[in-house]
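Q: The first sequence begins at 235 in the working numbering and counts up by one.
The set of hints was computed from the structure by calculation and includes no laboratory data.
Any given hint could turn out to be false.
Claimed, not checked - FRET-style restraints, in silico, Cβ to Cβ:
#1 F254 x K500: 43 to 51 Å
#2 C305 x I441: 30 to 38 Å
#3 L495 x S260: 24 to 32 Å
#4 K500 x N460: 15 to 23 Å
#5 K402 x S245: 33 to 41 Å
#6 N346 x K257: 21 to 29 Å
#7 C305 x D383: 45 to 53 Å
#8 Q310 x D273: 28 to 36 Å
#9 S245 x K394: 40 to 48 Å
Note that this is a predicted model, so its numbers are computed, not measured.
All C-beta atoms, glycine included, are put in the ideal place defined by N, C-alpha and C.
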Amino acid sequence: MRIGYPCINRSLDCIASSTFRLKSYSEEKLKKTVESNLDCLERMIDYNLENRMFFLRITSDLVPFASHEVCDFDWQKHFSERLSSIGEKFRDHNFRVSMHPGQYTVLNSNKNDVYHKSINDLEYHADVLDAMNLDTTAKINIHVGGVYDDKEKSKMRFIKRYKDISKKIKRRLVIENDEKSYSVKDCLDISKEIGIPVTFDNLHHSINGSHYSVEDALGEVSRTWNHKDGPPIVHYSSQLTGKRTGRHADTIDLEDFEGFLEKTRKYDFDLMIEIKDKEKSVKKIIENSLF
DNA sequence: ATCGGTCAAGGGGCA
DNA sequence: TGCCCCTTGACCGAT
């Protein structure tokens with residue numbers, strides 16, 4: 235069981251996701267930005283080591299515009315040594331690593347150009363993990379995508395597209411239940427057809443549930459992860475009280491978290507804490523010996 | 001130096 | 001149809 239937080243460490247005075255405007259794109263600027271992003275990523279790894287947080291989500295902005303047509307720079311080659319040494323550090327300390335493309339990456343889109351751009355973006359994410367020589371437990375986590383007024387058809391489109399993608403992406407791709415469209419049940423239906431692992435998100439499940447209890451949902455998704463995929467990935471967050479449903483809380487509610495652990499005790503998984511104050515919440519969990 | 005409008009990009013939900 | 005929300009702050013031009 236490993237625990238971590240996504241993309242940004244607020245205790246450090248650096249970010250690994252620094253970017254710039256498309257208008258000001260230049261190869262020089264890209265190189266500089268990626269260098270400083272990699273510096274920061276290494277500092278995050280060191281911080282995590284010291285604090286025993288062995289699950290890390292790498293920001294999609296590590297190499298800005300990498301999947302955009304404007305970028306013809308061979309960043310993999312240029313940063314190959316650094317990327318592989320970062321990967322070595324991950325492996326030496328048995329880190330779990332993941333990435334999570336944003337809302338613009340929609341594999342099952344009914345628009346062809348969106349679909350193709352999504353493939354490019356998934357390719358980029360796979361390239362980052364490949365350049366670090368990470369095994370297939372390093373995952374790229376996405377949502378199923380749009381519904382377009384016909385969920386069955388849209389699920390089928392996801393399945394067909396999945397079958398068509400390259401091995402390089404396929405070996406890392408996992409799907410997560412989302413808060414309005416595709417529930418755990420929907421993800422499991424898809425997984426049954428193509429064997430893709432399913433990430434469980436407790437907050438999304440509480441908003442967009444199926445007939446599954448948390449215990450049953452976790453039990454079912456656990457079976458979608460094979461040995462080569464590593465332990466299941468679970469996302470935990472709590473609702474920001476009084477705000478729009480789905481908004482992430484500012485800091486962790488330890489009582490709520492204990493309740494969650496209570497229900498999930500019998501399962502093995504790696505846990506990503508998606509809460510605004512990031513590593514501080516994880517620290518609270520560890521300090522209270524909850525994980 | 002500070003401020004705030006804007007940022008590559010999709011989709012869903014509501015008035 | 002058009003606007004807002006999510007992701008999420010950071011960038012950068014105007015002052």
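Q: For this structure, which hints from the list above don't hold up?
A: 3, 7, 8
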